[in-house]
Amino acid sequence: MSTETIDLKTRLITDFHARESVMNGEASSAFHQKKRAALAQFDKLGFPTHRNEEWKYSNVKDLISVNYNFNADSALGLAELEDLNIPEQEANIIYFVNGHYNPALSRLISAQDQITIEPLSEAYKKNPTLVNTYFNELAHEADDAFTALNTAFAQDGIFIHVADHQTVEHPVILRFVSDARVQNVGSQPRNVIAVGRNAHVKLAEAFRTLGEQRSFTNVVTEIFVGEEAGVEYYKVQNESDNAYHIGTTQVRMLDRSQFYAGTVTLNGRFTRNNLNIILDGERCEAHMYGLYFPDGTQHVDNHTVADHRKPNSESNELYKGILRDKAKGVFNGKIFVRPDAQKTNAFQSCKNIVLSPEATMNTKPQLEIFADDVKCSHGTTTGQIDEEALFYMRSRGISRPEALSLLMFAFCADVVSQIKIDSVREYLENVIAQKLASK
Amino acid sequence: MLSINDLRASIEGKEILKGINLEVKPGEVHAIMGPNGSGKSTLASVLAGREEYEVTGGSVVFDGKDILEMAPEERAAEGIFLAFQYPVEIPGVTTINFLKTAVNEIRKYRGENPLDAAQFLKMVREKAKLVSMNDSLLKRALNEGFSGGEKKRNEIFQMAVLEPKLAILDETDSGLDIDALRIVAEGVNSLRSPERATIVVTHYQRLLDYIIPDYVHVLYKGRIVKSGPKELALELEEKGYDWIKAEVEAVG
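Protein chains in written order, with our numbering: chain A, 1151 to 1589; chain B, 5 to 256.
In isolation and in its complexed conformation, chain A is listed as follows (with noise of 0.2 angstroms):
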């Protein structure tokens, strides 16, 4: 791997510029116009140093200190994505390899008049106007260089529509897979989801890393959360010890709809993840769950927003880590609650294991009320392990080891629960299970 500095932020520009120069008539669209605008942000802002408040605990000098190619080939066959599945029988399943779509390891199962489901750039094509409603209408580029790079980048990634009155059964799967076999690669999906009045689907984002070499993922997903529409979204990452994400999911909910989300950090050299409610109706649930293990050197930063612009809705958060070796963790909660949003009820709660004396964990709850008739509350808790269950359980003739796993395994599970597509949930028990004997 080269140690020379670049300049990533001025190779990225230049790439765009490119990129345009060979575009034809579509540089002229309002898709590209979007864009454009984007990469003039990203210019103005820059990459994030410690001085910009989000980012105080979570340093990207490492993560922009080398180049990566963002269009990287990739021959992979399902044999060699095998063990790298969440394995599941009744699901629609899209791929994504080095950030672009997999038509071939790809399947879709779903009727597709009660969803649509398609790589975003042909989904414009074959129906702009429809695209253009939703692309980037939530993503906050004006304070967030990352999201108006891959608004600059956003190519390739998912487009789904969900159709009024429609549940569909089959859950959604997104796999990214990152191949760094032999280089270091960078993607930029743009996933963007529209979920119809009183439509209901559950979908999933898995993020893998195949190889040895640096990958860095910076992901968008913008969710349309219509009208009585139900939504449930999780988020798992079990990608390799030098894999970089960075990413932003930006929901907007309607009247009376609801929205869990579940975001689990299974392994990463450097994770941040920003999860940005907002409660625009009136009787909205949102639900926001997360769970991280760093080890080693890793760093996970959780960022979320529950943002209450209307009366009578209701958030609630559980968030918890397992820390361990020299990992640090960040967890950033921020509850917005606007003037209308009376009678706004929400809740926040991180909770961390620390297991290591030089293991750290940043927590920051913020909470800014303009409403006067509201219940919120929030809560942290950094703490090591409970020495009297331990004792209670080897008492019993369970080992250390084996005690000091059924009692992570615990904490965890009040999260773990909380995810209702049987695979992915299966899945995560198992890995959690063998992360947890492993050590």
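If you're looking for bench data, these hints aren't it; they were derived computationally from the structure.
There may be inaccurate statements among the hints.
[Said to hold, decoys possible] Ranges of calculated distance between the beta carbons of each label pair, as one might list FRET restraints:
# : chain 1 : residue 1 : chain 2 : residue 2 : range
1 : B       : K133      : A       : K1484     : 49 to 55 angstroms
2 : B       : D120      : A       : E1362     : 50 to 56 angstroms
3 : B       : G41       : A       : D1391     : 49 to 55 angstroms
4 : A       : N1466     : B       : L125      : 53 to 59 angstroms
[Unchecked claim] In silico lysine-lysine, BS3-like type, Cα no more than 25 angstroms apart, as pairs:
# : chain 1 : residue 1 : chain 2 : residue 2
5 : A       : K1570     : A       : K1585
6 : A       : K1585     : B       : K169
7 : B       : K112      : A       : K1585
8 : A       : K1206     : A       : K1184
9 : A       : K1570     : B       : K243
Every residue, glycine too, gets a C-beta built ideally from N, C-alpha and C.
Following the hints, complete the assembly by docking chain B onto the known chain A.
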């Protein structure tokens, strides 16, 4: 079976046990009584291997093996069981899963094959009946939200499942009403056998109405200062501990 010789132990530099001597043979029930702070619970904890205590002298031999160097889980596998004064709540781990892990870890230690799910369930149901343990408690998280009586009953139930050679009951009567006490005592009595021994640690004589001891020992200031037959417990109930304290101070 159990041979304690001049056992000394301290916590945070403070000596609590100052030379305990005790012989327990198979089939016997020994009651250890004494005023608060005399070291009763410390003795139970040290025998089970609680790591906060530092053993500073003496020996404990169980079935011919020195157990002081053993981890708590090894002592359990050798057949020592401690019923806790304050059973720990463990959210997220069901009683049944906890016990299955314990039984199979102990079997592994002894070089036996693990029980399969059917064998285990059958055994557990029989034992639950023995201590009138409600099946629904087995599926709940271990001790979580259990009443005081349910927690103590769960201790005796675990004891029935693990079938120890030596059971140590640490203040099992504390916090129990008379009905719960009777059920717990019946459970303990039903497990009595010529091969098993029991040490009952208690402040009050009450439990000994139900679990009749062969010997009663009085622990005071870290030593066993008086031993006698079961009648000694009644005498203590009647006269309190002051006369024993006075005897010790007079000799002391």
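Numbers of the earlier hints that this structure fails to satisfy, in rising order: 2, 4, 6, 8, 9
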